[in-house]
Amino acid sequence: MGEADDILARFGRKVRKLRQAKGLSQEAFAAECGMDRTYMGGIERGERNVALRNIELIARTLGITLSELMKSV
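The numbering of the sequence shown is our numbering, which starts it at 395 and goes up by one.
A hint or two may mislead.
Restricting the straight-line Cα-Cα distance to at most 25 Å, the calculated cross-link-like pairs of lysine-lysine (BS3-like) are [what the hints assert, rightly or not]:
no.: 1; residue 1: 465; residue 2: 416
no.: 2; residue 1: 465; residue 2: 411
no.: 3; residue 1: 465; residue 2: 408
To be clear, the hints were calculated from the coordinates, so they are not data collected in a lab.
Construct all of the structure, not just a fragment, from the sequences and the given hints.
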């Protein structure tokens with residue numbers, strides 16, 4: 395799972411960076427997304443293989459497009 399681990403970690407770091415840039419705690423961001431905080435923590439740590447619907451929800455909550463979220467991941 396080497397490459398999968400890499401993309402999950404890169405995606406998680408990107409989500410964390412964008413969330414922090416918005417000034418949101420992980421708990422507040424998870425609530426805005428309608429997700430559990432522990433699930434969001436798993437995403438940011440690269441432990442979760444996130445469903446496409448949830449990726450879209452994360453992007454929408456951040457106020458960006460899917461392509462912007464995935465850029466440089």
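Do the hints match the structure? See the list:
1. 465 to 416: holds (18 Å)
2. 465 to 411: holds (13 Å)
3. 465 to 408: With a Cα-Cα distance of about 9 Å, the restraint between residue 465 and residue 408 holds, given a limit of 25 Å.
Hint violations for this structure: none, all hints satisfied.
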